[in-house]
Each structure stands twice: as C-alpha cells, then as structure tokens.
Amino acid sequence: MGTPDKFDDQWRSAFEDAEMPPNPAIWDKVELAVANSANSKFKRRILFFKLMAAASIAFAFTIAGVGIYRELSVEGENKVVNKTDNALEKKANPGLDESNLNIADREVTSSPNEKENYQTHLESNDISESPDTNGKSRNTEGFDGKNGNINTIKKEVLATIDNGNTFGTANSKSVNDASDQKQAHGMVSSEFPAAAGNIPEKLDKLMTELESFSFNDSEIHMVPWYGAVARNTRVSDNRIWAGLGMFGGGFNPTGGGVSSESSVSPSSFSLNEDSFTSESTQSPLIGKEENGRTINIGMNLGVRIAPKWIIQSGIVLIDRNTTNTSNVAEVSGRSLRAVNDFNGISNAANLSVIDAYEIDNSYRFISVPIQAGYIILDKKLSLTLLGGVSNDLFIRKTVDGESVNFQEFNSSEGINRYNLTGLLGTEFGYHLGNHYLIALTPQIRQSISATTISGETVRPTFFEFGFRFKYLLK
Amino acid sequence: MSSEKALISGCKEGDRKYQRELYDLYAPKMLMVCMRYSKSDQEAEDILQESFIKIFDHIKNFKEESRLIYWIKRIVVNTALNHGRRKLYMFPMVDVNELDQSQDNEVSLSTLQLKELLKMIQDLPSGCQIIFNLYAIEGYNHNEIADMLEISVGTSKSQYSRARQLLREMIEKEELTYGNAR
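So the sequence lines, in the order shown, correspond to chains A and B.
The opening residue of the first sequence carries number 1 in this note's numbering; numbering runs sequentially from there.
The opening residue of the second sequence carries number 1001 in this note's numbering; numbering runs sequentially from there.
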C-alpha cells in the first residue's frame, strides 16, 4: 500500500463510510441478468447433447452414403461380371441353348449349402448330358468339346470359390488344396478323359481369346461381389416390434426467430396503466421464456417393410418446461398469479409490480410420431437412420411462480392446439438375445408449424437424446 | 437480517432472497465507489450493475479467507477500472512534472460536503481520477497501480501529483466561493 499524507487521509476518511441509495431499477436488471446467466449455464450443458445429436446424425449420413455407394457399385459391377460370363460362354458355344447356361447365368453365392447344390446340379447336368452306362467313362457319347470347355470353366469357378480366391486367380497356381486341385483339374483328366486327351481346335481358339481378355478388370469387379455376399448375412429377421422409450433434451423456446430483447416492458405494447394497483417505482419487466427442457415418454410399434426399410409409429407424452422472470403479478384475493406474457397483462384485472420472481411454464402434449427408417447396419449392433413427422396435440400449459404465494393455474391462451414437427435422428441398437434390443437415439425435432397463435412466429428446434427398449415379436 | 455466513451460503446456492439481501446491504456503499471512478450517475449505475452480476456469478469461488466486503469492493474497483481503461485508451495518460506537495498540508476538506468532494473527483481528467482514487483512497502504492493499469511508475506518480494540484485548485476555488457568500 502507499503512504498517503494528511491530504490523502482527509479524502479517505471523507469517503470511508459514504453511501448513496441506488436506483431500484438496477436490482431488476441485475436479477434479470443473473437469471439469464443461469440459463446460459444450462445452455452450455445441453450443448453436449446438441453436439452429440449432430455428430451422430452426420455419422449416420456418412455411413448411409458409403453404404448406398457400395451397393450401387456392386449392382453395376455384378452386371458387368454377368455380361462377361455370358459373353465368354456364348463365344465358347454360339449355338448353345439358353437352358444349358442356367448354371452359368445363375448368381453364385458363397453359402456352403448353395455351393453344394450348385456342385450337385452341375454334376447331374454333366451326367445327363453325357450318360455313363459302363461306369468307366461318363463322357463317352455325346461329349461335346464346347460343352466340356464350359463345364471345365464352371468347375474352375467352383474350385475358386472353395479356395476363397477370385475368378482371376482360378487359373493361377494358387489353388493349393489337394482335393480342390483334384476337383478343379483332376476332373478334367479322370472324369472327362476325352476332353483331357482330345482338346478340340475351338478350345485353342477360345484359350487364345481368353488370354487376350483383360482378366484384371474382371478380377477388380469380383472383389465387391464377395463383399455383397458377406453383407447379406443379416442377424435380425424380426419383422414387428414394440418398444418403450424415453427422451430428454433442450430447446430455445423463442425458436431463435424473434426479437433478441431479453425482456419486455410496458412501452413494448399498449398497456392500461390503470390496471396497476402498486405504487412501486419499479417498471414492469417480463423476461422472454428461456431454459427450455423437454422430456418425452412413450411407446412405439414398428414393422420392417423391406430388407432395409422400416416404418414405426406410437404415442408419446411430451412435457416441456421453460422459465422466465417477471415482476408483474395478478392479485387474486390473498394469492398471486404469475403474469408471464403480454396476454396475461392485457387480460388481468388487478396487476401489481412486485420483486422480480421466476416463473415455471409447463407445456404438455400428446404426440403421434410417424417415422421411416433406413437400416444401415443390422448385426449385433444396429444402426438405423430415422426421419418422419410428429403430430403434437396440445393438452395444457401450467404456469406457476417460484414461491408458495403464487397460485398455479392452467392456460391454453396463445398456443396452437396442433403442432407439426419434423423428426430426424439415428438409432444405435444392441441386440440382447433374439427378442430384445436396447437403443440410444439422438434426434432433432424441428417445429414445422408455429407453436403460438400470437403475432410472433415461434418454431423451436429440439435437441433430444433418448433411450429405447424394444421387444422383437417375430 | 442474515449473518454474513448465511448470506454467502445462500448466494452460493443461487437463492434469490439472499442475493437481494446482499445487494441491499452492499449496493449503497459500492455505488459511492462507482461514483468516484465514473463521470456520471448513469456510468456509475452501469458499473454497479455489472459488478453485482459478476459478484453473483463468481461468489461460488469466494473462499471466505477475507471479509466479504473487501472481496466485493475488489470486484467493483476492477469493474470500474475496466470501464476506465476504455477511456484511457482514448485519452492515454502522459507524464507531467511532479509538483511540490508541501503546500497541500494546509488544505482542509472539513468545510466541504461529500457531494462537493465527489464532484471534484469526477471533474478530474480520467487518468488523474483513477490514480488518485487508487492511491489516495484505496491505498495502493504506485508500483501496484503501475501493474494494474499497465503504465510506468513514473506515469502513476505524475498523474497523482497532477490530481492533487487540480484538487487543491478546486478546493481553493470552492472556499473562495464560500468566503464570498459569507
């Protein structure tokens, strides 16, 4: 500290206990600012949920985009592969009947059962095409070198599948398994000795063409084909389910589309000053609704309408809460009624300006959501992108002041009976056994129609995070 | 009236009743502090409002190692200095020659009212006003003032000296007016 002299001491003692009464309006402003500050802390807390909802939706869109891209790519490239197969076979045997190509044209899957069926079918075709009466050779009569060539290629395809190799490597030396090698190559020499020992000239020609054919392209095209087979192994075949869910979240009650003023005063609207019975010097201040919180509880039913598509609906009870500050109250006998908006002031009989207080506004709705979902991942863990609309029917609004002196009352003034909101979210599910699924569901709910019927257009956005428990019926 | 401990505890919980009580208790004293650092009533009220918002926002961090009034006053003075810094940015302080302070001892404030003294402080140039308040009334030394305002110690001393000279002139002028009136 410094070392002031007598002059400074005189100044210090003059101001030591000096006081000056502050303007009462300062406290109102302080109180309002403190309430807003508390609200902003709440906003920071719900920011986490907002970010989580936004991130998960972005993630789901990315996954969906990649999935759709892959699916489209596979479809296109499977067509190329099938065309290549057909072209090769037609070149091998231009006069070959379509019925003889039913195996080659058929889409080959990697399922062991299907491969077995395919093998059996192939062999039975071989027998029928070249009946073996002596049991020595199944290909003595009627063996056509062209058909033999096609069959050889088919068998090589089978050998390739069994070895997990691509079509392109079927001709390579990568077929290491002895049994498969026998199946792939030995069959030509043992089961089709005629073909092995007497290769027609056309086969030479075909081989020349095959050598000149760019197998590299086919090889690349075949890779996603295996991917497509793997993706079809869906864990869940459940078609119908029923579930219970609970959501919580936050929203900005003003919808971000109204004046940025945090409070209104009588000058903002035509107020009958005679309504005020108080002789208080304070000016009436009513803060905007803030601190929006929402809790939804409901049940839903869903059905899978296509391998990747679902629809679901249900019924939900929605409780939304907001707070605002006011220093205006309606005197009703010995109790007070909170005045929280313009309508309250214009309709009230006996108004009084009192110390600022906090008002709790509670809105209740019954909602019927209808959502469609696209299944991105359907395994033990599931991921579904959901979108739809929700029909929200307003039930009641409850207004209550913070202290016991206030009388709670219901109101429906200024609020639309029906609100339409859009829903967009994702559902991260986890299968518990065959019949149960638990899911976390971040979602954004955007009001499409205005929630109020007053002059201000309020379309709040709700950021919600929910939990669902589903029972899978079949 | 609640005890200081109860007030602090209530305010830490965000209880509006205790906040109001604390405001009623300290706002009149703090408004006078704000008046000393400002040029007008409106500016002082703005500082007071901003200060109490900060007080209620940060009272959770109050460790109760010192008395509440000192903690509150520090917040009010810091808020006032932040307001003052804006003015100092517009009108930066410059060094002036230090004056002989021996003549000041003869000056007496006893004949003057608080309102007149306040008016004299408010009429000082911004730099002089802030430094006189900090040095003569709050009791900070020039090194501390230099750190707080990010100025040199010499500037602090010269501004203080200038403030004394101006105040002495104002007091003499006031006494002369009183003398003529009598």
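In short, the hints are calculated from the structure, not lab data.
Just so you know, even glycine gets a beta-carbon here, dropped at the ideal spot from N, CA and C.
Watch out, some of these pointers could steer you wrong.
Unchecked claim - For the chain B half of the interface with chain A, some residues (derived, Cβ under 8 Å), not all of them:
#1 1006
#2 1019
#3 1036
#4 1043
#5 1117
Cross-check of the supplied hints:
Checking residue 1006(B) against chain A by beta carbon gives a least distance of about 19 Å; that is not within 8 Å, so the hint is violated. Hint status for residue 1019(B) relative to chain A: holds, with the closest Cβ pair at about 7 Å, below 8 Å. Look at residue 1036(B): its Cβ gets to within about 7 Å of chain A, closer than 8 Å, so that hint holds up. For residue 1043(B), the interface hint is violated, the least distance from its beta-carbon to any beta-carbon of chain A being 13 Å, above 8 Å.
Hint on residue 1117(B) holds. Least Cβ distance to chain A is approximately 5 Å, under the 8 Å limit.
Hint compliance for this structure: hints 1 and 4 are broken, all remaining hints hold.
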